[in-house]
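**Q** Protein chains in written order, with the numbering used here: chain R, 1347 to 1659; chain Z, 1347 to 1659; chain D, 1347 to 1659.
If you're looking for bench data, these hints aren't it; they were derived computationally from the structure.
Treat each hint with caution, since some may be false.
Restricting the straight-line Cα-Cα distance to at most 25 Å, the calculated cross-link-like pairs of lysine-lysine (DSS-like) are [as the list claims (entries may be wrong)]:
1. LYS1372(R) <-> LYS1630(R)
2. LYS1372(R) <-> LYS1385(Z)
3. LYS1490(Z) <-> LYS1630(Z)
4. LYS1372(D) <-> LYS1385(R)
5. LYS1630(Z) <-> LYS1630(D)
6. LYS1534(Z) <-> LYS1574(Z)
7. LYS1362(Z) <-> LYS1574(Z)
8. LYS1563(D) <-> LYS1574(D)
9. LYS1385(R) <-> LYS1630(Z)
10. LYS1372(Z) <-> LYS1563(D)
11. LYS1587(Z) <-> LYS1563(Z)
12. LYS1596(R) <-> LYS1490(R)
13. LYS1563(D) <-> LYS1534(D)
14. LYS1563(D) <-> LYS1385(R)
15. LYS1385(Z) <-> LYS1630(R)
16. LYS1630(D) <-> LYS1372(D)
17. LYS1563(Z) <-> LYS1545(Z)
18. LYS1490(Z) <-> LYS1563(Z)
19. LYS1587(D) <-> LYS1563(D)
20. LYS1596(D) <-> LYS1545(D)
21. LYS1362(R) <-> LYS1630(R)
22. LYS1596(Z) <-> LYS1545(Z)
23. LYS1385(Z) <-> LYS1385(D)
24. LYS1587(Z) <-> LYS1505(Z)
25. LYS1596(R) <-> LYS1545(R)
26. LYS1362(Z) <-> LYS1630(Z)
27. LYS1630(D) <-> LYS1385(R)
Simulated restraints on C-beta separations [said to hold, decoys possible]:
28. GLU1532(D) <-> GLY1452(R): 33 to 39 Å
29. GLU1595(D) <-> GLU1521(R): 54 to 60 Å
30. GLU1451(Z) <-> ASP1588(R): 28 to 34 Å
Every value quoted in this text rests on a predicted model; they were computed, and no experiment measured them.
Quick reminder that beta carbons are idealized off the backbone N, C-alpha and C, glycines included.
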Amino acid sequence: MRHLIDTLDFTLEETKNILDLADRIKQNPDSYSHVADGKRIATLFYEPSTRTRLSFESAMLSLGGQVIGFAGAEMSSASKGETVADTSRVVSCYADIIAMRHPKEGAPLVASMYSSIPVINAGDGGHNHPTQTLIDLMTIRQLKGHLDNITIGFCGDLKFGRTVHSLVNSLVRYENNRFYFISPDELKVPAYTIEDTLKPYNSEYYEVSSLEETLPKLDVLYMTRVQKERFFSEDEYLRLKDTYILNREKLNLAKPDMPVLHPLPRVDEISTDVDDDNRAAYFKQVQNGKYVRMAVIMALLEITDPLTGQKVL
Amino acid sequence: MRHLIDTLDFTLEETKNILDLADRIKQNPDSYSHVADGKRIATLFYEPSTRTRLSFESAMLSLGGQVIGFAGAEMSSASKGETVADTSRVVSCYADIIAMRHPKEGAPLVASMYSSIPVINAGDGGHNHPTQTLIDLMTIRQLKGHLDNITIGFCGDLKFGRTVHSLVNSLVRYENNRFYFISPDELKVPAYTIEDTLKPYNSEYYEVSSLEETLPKLDVLYMTRVQKERFFSEDEYLRLKDTYILNREKLNLAKPDMPVLHPLPRVDEISTDVDDDNRAAYFKQVQNGKYVRMAVIMALLEITDPLTGQKVL
Amino acid sequence: MRHLIDTLDFTLEETKNILDLADRIKQNPDSYSHVADGKRIATLFYEPSTRTRLSFESAMLSLGGQVIGFAGAEMSSASKGETVADTSRVVSCYADIIAMRHPKEGAPLVASMYSSIPVINAGDGGHNHPTQTLIDLMTIRQLKGHLDNITIGFCGDLKFGRTVHSLVNSLVRYENNRFYFISPDELKVPAYTIEDTLKPYNSEYYEVSSLEETLPKLDVLYMTRVQKERFFSEDEYLRLKDTYILNREKLNLAKPDMPVLHPLPRVDEISTDVDDDNRAAYFKQVQNGKYVRMAVIMALLEITDPLTGQKVL
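Extracted from the complex, chain R is given alone in its bound form (with noise of 0.2 Å):
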């Protein structure tokens, strides 16, 4: 049984299946509309996630699947103790596969030790997050063809962002990727993705803090937000908030060809100028997590392709 608790836990060869099955699905909804029938996802979110949940129900219910679960705000205020492996092996009895969202790092982890259904991660503290990343890759790869050889810009909150860091973790794997991280002093990206993730890979990286100066350099930009709160003094805060946003004027200096990811809920830093660009890949992300959450679950039910005949793991 295989569960996904980090996106490392796939191989090169094994994302480009997923990949792959969440692009066959795109192309064809209705083939796979009944492959889970008789299946269900128990959807156990700690905190409450509200797109995550959503999209994970969402694609259950489009393999023909069933849903049961709660979503944050019963379990917090409920709590009688009950350890995280309990829980799992509970419901183990009710469902076939478990997404779990859960503010403690390693929760999923624990879950899938104990559970006898598979276990998917949909996001443990600052931890990972990895069907985001999965979606992140499936749009790249829609967008530019390839995977490879790509000048990626991050902007934003290098420190904090999960979503930031779990996306190298995957793209270092890659060859002849380049990063240039765009943020202020206080949100640099953490000293360990630096030496443990894009020093043994050999990556090409800059830290910089001017997005208007890099963005004519990338072929793609991942903006994240700012949080107000991770900042020293709201001074500082304010004189450095619009240099991070990106509006329809810094776009211009990008390529036409450039697409602007960001994983949402997106609060200003992306203007809503930027929404009707073609450059704009943010909605899209939300459609291809459907599709990158529905080949996730058909992989790790082991349920058979009808398309290609086979198993996806």
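Model the placement of chains Z and D on the given structure of chain R, informed by the hints.
**A** Just chains Z and D now, with coordinates in the frame of chain R:
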């Protein structure tokens, strides 16, 4: 693509078509139990309204469709600042139709401007709740046989009662309806309802304070809740409260075929000794609620009516 | 129309029929996967109880049915004062059967008096939780082969433990059962259980304080949680706590075929080193929970058992 934000979004003819379809569904539920197979409603309830949410969900399931959504508590606790515009775009990737409840007036309208799927307003602040009005119309038509030439009394909180304003807006469009507004001074029907709705249609209306004196004249009685917090003083509340409570004794003053409507939940403005009277129509309204919402979902999803072979709108 | 408010609502023969059906479902789940097609359960949980709710929902889905409902947080925050009587009438329009959890004793009974569909009590305050008792009975019968001639020990909080009282109420109805009540003085079984239940049936019972001394005599051990807040003082709690914890060492004193039951969630009253012992039956109870609830739903909905061609009750 059509939305339902305000009851007046539907013409008189469209309203008639919706009510006719709701009647057909009520008579032949089995004929409609698979017309929405593979379709999905997202119930986005930014404030809790259990009855309304369950009614929409039960309507979609009764058409063969599926449900995803959230129920208030979760969203209020976990607001990450996403706009309604962005949420409606995101959810458009997961569902085929949205039912949105929101404490702010206008939120469902904004959602409808950005979503790529139909939006139903399931109540926005004190503003609109169009499916409730359709339910009221269906119930009156069912019990009186017509929607014109009716003397209807509205009793209770006519100042803040959104269902009252909305039903008046609709009923003035039919010929020869006569309106009695029965309330304490503090809770009289707003000036704009009189100036903008009743007068332009030359509708006959009376503002009165005695339920008992008015009851014998009415063809239909529409009760609403008088909330304690609406009053200036506790004394005033206690003095007036009983005046606007309907009990079996007062009901003896009414015509034998005068239906009593109430949008529910009721607290004590209708005594439970009225429940068994055959004029009590408020639980019939609940039942009609499911059929009206099934009809609205079919209409907005442009599903062909299997009994007529035609689309509704 | 039948409801399930109290375990004793079912005669011994009816209880046997329910347990027999649960066994058949466990053996042949596929034969029952569509018997409730088009039927809908409403899970009305006025306080959160995630495990119980998921169990009921999973039971209904496994019969082919659908689910609507609420999960506690929403209702507690948004109480508009509707009575349980009104809510049960409203929900009768949306569903075919209700499972209700409520903090107040008697609420499900009131609901059953006003609803037009069957009501299952899913726990009302410290009062009743009849499906849990049926699960306990099914598990004991499955592991011991019979429900009479059993020496059963109840350990922990016997004063407030609703599952204990309810299981005792049921087990006295079978011949020759012998009861050991193992608890600190503060948490002894209530006088009314002894006077109203054990004595009228002439059941043999013992009130003891040592788990270790009692263990060797038992055919079945039923553990419950000892909550810190039940004690008069912190000292008293710390002094007694370990006495009522079951670990592998103590378990060595028990018969090799003595199942250990626990209604879950457990906190630390059963050490995890017991989990791998083949006498640990608490996760089997969880599995049986789904089958018992499937059987109860079928019984109350008067669904014909496809394997016997008969109705259950």
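**Q** Confirm or reject each hint.
**A** Structure-based check of each hint:
Taking the CA atoms of LYS1372(R) and LYS1630(R), the gap is near 12 Å; set against the 25 Å cutoff, the hint holds. Distance restraint check for LYS1372(R) and LYS1385(Z): the Cα-Cα separation of roughly 17 Å lies within the 25 Å cut-off, and the hinted pair is therefore satisfied. For the hint linking LYS1490(Z) to LYS1630(Z), the alpha-carbon distance of about 14 Å falls within 25 Å, and the restraint holds. For the hint pairing LYS1372(D) with LYS1385(R), the CA-to-CA distance comes to about 17 Å; that is within 25 Å, so the pair holds.
For the suggested pair LYS1630(Z) and LYS1630(D), the alpha carbons sit about 45 Å apart, so the restraint of at most 25 Å is broken. Our distance criterion of 25 Å between C-alpha atoms is met by LYS1534(Z) and LYS1574(Z), whose separation comes to about 15 Å. For the given pair, LYS1362(Z) sits about 37 Å from LYS1574(Z) by alpha-carbon distance, which is inconsistent with the 25 Å threshold. Restraint check for LYS1563(D) and LYS1574(D): not satisfied, since their Cα atoms lie roughly 28 Å apart, outside the 25 Å limit.
With a C-alpha separation of about 37 Å, the suggested pairing of LYS1385(R) with LYS1630(Z) is violated against the 25 Å cut-off. As the CA atoms of LYS1372(Z) and LYS1563(D) are separated by approximately 62 Å, the hinted pair breaks the 25 Å bound. Restraint check for LYS1587(Z) and LYS1563(Z): the C-alpha separation of about 22 Å stays at or below 25 Å, so the hint holds. The straight-line distance between the Cα atoms of LYS1596(R) and LYS1490(R) is roughly 21 Å, inside the 25 Å bound, and the hint therefore holds.
For a cut-off of 25 Å, the pair hint linking LYS1563(D) to LYS1534(D) stands: about 20 Å separates their Cα positions. Among the hinted pairs, LYS1563(D) with LYS1385(R) is inconsistent with the structure: their alpha-carbon atoms are about 44 Å apart, more than 25 Å. Simply put, LYS1385(Z) and LYS1630(R) have alpha-carbon atoms about 21 Å apart, close enough for the 25 Å limit, and the pair holds. Annotation: proposed proximity of LYS1630(D) to LYS1372(D) holds, straight-line Cα distance about 12 Å (limit 25 Å).
As the CA atoms of LYS1563(Z) and LYS1545(Z) are separated by approximately 22 Å, the hinted pair is consistent with the 25 Å bound. Using a Cα cut-off of 25 Å, the hinted pair LYS1490(Z) and LYS1563(Z) holds, with the two alpha carbons roughly 15 Å apart. A hinted pair counts as satisfied when its Cα atoms are at most 25 Å apart, and LYS1587(D) with LYS1563(D) qualifies at roughly 22 Å. The hinted pair formed by LYS1596(D) and LYS1545(D) fails the criterion: a straight-line CA distance of about 31 Å is larger than 25 Å.
Proximity of LYS1362(R) to LYS1630(R) is assessed by CA-CA distance (about 19 Å); at most 25 Å being required, the pair is judged to hold. Pair hint LYS1596(Z) plus LYS1545(Z) does not hold up; C-alpha atoms about 31 Å apart against a cutoff of 25 Å. Between LYS1385(Z) and LYS1385(D) the alpha-carbon distance is near 19 Å, which keeps this suggested pair within the 25 Å criterion. Annotation: proposed proximity of LYS1587(Z) to LYS1505(Z) holds, straight-line Cα distance about 16 Å (limit 25 Å).
Of the supplied pair hints, the one linking LYS1596(R) and LYS1545(R) is violated, its CA atoms being roughly 31 Å apart against a limit of 25 Å. Among the hinted pairs, LYS1362(Z) with LYS1630(Z) is consistent with the structure: their alpha-carbon atoms are about 19 Å apart, no more than 25 Å. Distance restraint check for LYS1630(D) and LYS1385(R): the Cα-Cα separation of roughly 21 Å lies within the 25 Å cut-off, and the hinted pair is therefore satisfied. At roughly 38 Å, the beta-carbon separation of GLU1532(D) and GLY1452(R) lies within the given 33 to 39 Å, and the hint holds.
Taking 54 to 60 Å as the suggested C-beta distance range, the pair GLU1595(D) and GLU1521(R) conforms, at roughly 58 Å. At about 32 Å, the CB distance of GLU1451(Z) to ASP1588(R) agrees with the hint of 28 to 34 Å.
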